[in-house]
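Start from the sequences and build out the full structure, keeping to the hints where you can.
First residue of the sequence shown? That's 0 in numbering that gives the first Met the number 0, and the numbers climb one at a time after it.
Just so you know, not all the hints are guaranteed correct.
Stated by the list, open to error - FRET-style restraints, in silico, Cβ to Cβ:
| # | residue 1 | residue 2 | range |
| --- | --- | --- | --- |
| 1 | A14 | E123 | 16 to 24 Å |
| 2 | A87 | P43 | 28 to 36 Å |
| 3 | T135 | A180 | 35 to 43 Å |
| 4 | W164 | G107 | 31 to 39 Å |
| 5 | A50 | A4 | 35 to 43 Å |
| 6 | E10 | A180 | 27 to 35 Å |
| 7 | E181 | A18 | 40 to 48 Å |
| 8 | G105 | P59 | 32 to 40 Å |
| 9 | K41 | E86 | 35 to 43 Å |
| 10 | L40 | Q176 | 37 to 45 Å |
It should be emphasised that the hints constitute simulated quantities derived from the structure, not laboratory data.
Heads up, the beta-carbon is just placed ideally off N, CA and C, and yes, glycines get one too.
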Amino acid sequence: MTETATQVMVETVTALKGADRYDLCDAAEAAILDGGGFGWLKPPPRHVLEAYWQGVILVPERRLLVARLDGVIGGSAQLVRPTRNNEAQAHAAAMTTSFVAPWARGHGLARGLVLAVEQAAHEEGFAIVNLDVRETQEAAIALYEALGYRRLATHPYYARVAGRWIAGHYYTKVVNQALIAEGTRP
Numbered sequence: 000m001t002e003t004a005t006q007v008m009v010e011t012v013t014a015l016k017g018a019d020r021y022d023l024c025d026a027a028e029a030a031i032l033d034g035g036g037f038g039w040l041k042p043p044p045r046h047v048l049e050a051y052w053q054g055v056i057l058v059p060e061r062r063l064l065v066a067r068l069d070g071v072i073g074g075s076a077q078l079v080r081p082t083r084n085n086e087a088q089a090h091a092a093a094m095t096t097s098f099v100a101p102w103a104r105g106h107g108l109a110r111g112l113v114l115a116v117e118q119a120a121h122e123e124g125f126a127i128v129n130l131d132v133r134e135t136q137e138a139a140i141a142l143y144e145a146l147g148y149r150r151l152a153t154h155p156y157y158a159r160v161a162g163r164w165i166a167g168h169y170y171t172k173v174v175n176q177a178l179i180a181e182g183t184r185p
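This is the structure we're talking about:
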């Protein structure tokens, strides 16, 4: 028996063509059911999920990155730019809605997504990437910390799941030290 290498690719998408819309919805549903629902506790109706992803693409402040395993979307993350009128925080972007479907885990998709978000933020002139995550997302927390994200704070009432409060952690990482060095710190 011959093993074939799995192919992992991360890219920015500006339109959901062909099977991509279905693959992205399928991967999101699987992640939601596994407890990594970026806000959703159970998958919404399919038309709502499809409309959500289409809306993400239309929002100018959002950049949708997807990770593919052998050509099939298995995860995504979003780079969120501050609104144009937010001059005070124009240096900081946020990573949100990051997930990898359970069937696609263990192949480096999450790492690839985080690194691609960081690279995109750097290329777009941001100095910092911020993110937040539920305390229950232990693998994500381990990845963020291994990649140099620094925990800033913990919110004890970040989310409510099955009648139980779940804490959330806030992280930050400098992705462009030169931009930090140009400014002054308060």
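Just tell me: holds or violated, for the beta carbon distance of G105 and P59 against 32 to 40 Å?
Since the Cβ atoms of G105 and P59 sit about 35 Å apart, the hinted range of 32 to 40 Å holds.
Just tell me: holds or violated, for the beta carbon distance of A14 and E123 against 16 to 24 Å?
holds (20 Å)
Could you say whether the range 35 to 43 Å given as a hint is met by the Cβ separation of T135 and A180?
holds (37 Å)
Falls inside 27 to 35 Å, the C-beta gap from E10 to A180?
holds (31 Å)
Quick check: does the Cβ-Cβ distance between A87 and P43 fall within 28 to 36 Å?
holds (34 Å)
That 37 to 45 Å hint for L40 and Q176 (C-beta), does it hold up?
holds (39 Å)
Would you say the C-beta atoms of K41 and E86 sit inside 35 to 43 Å of each other?
holds (39 Å)
31 to 39 Å was suggested as the range; check whether the CB atoms of W164 and G107 agree with it.
holds (33 Å)
Does the Cβ distance between A50 and A4 fall inside 35 to 43 Å?
Holds, since A50 and A4 (Cβ atoms, about 36 Å apart) stay within the stated range.
Could you see if the CB distance from E181 to A18 stays within 40 to 48 Å?
Holds - the Cβ-Cβ distance for E181 and A18, about 44 Å, lies within 40 to 48 Å.
Comparing the model with each earlier hint shows no violations; every hint is respected.
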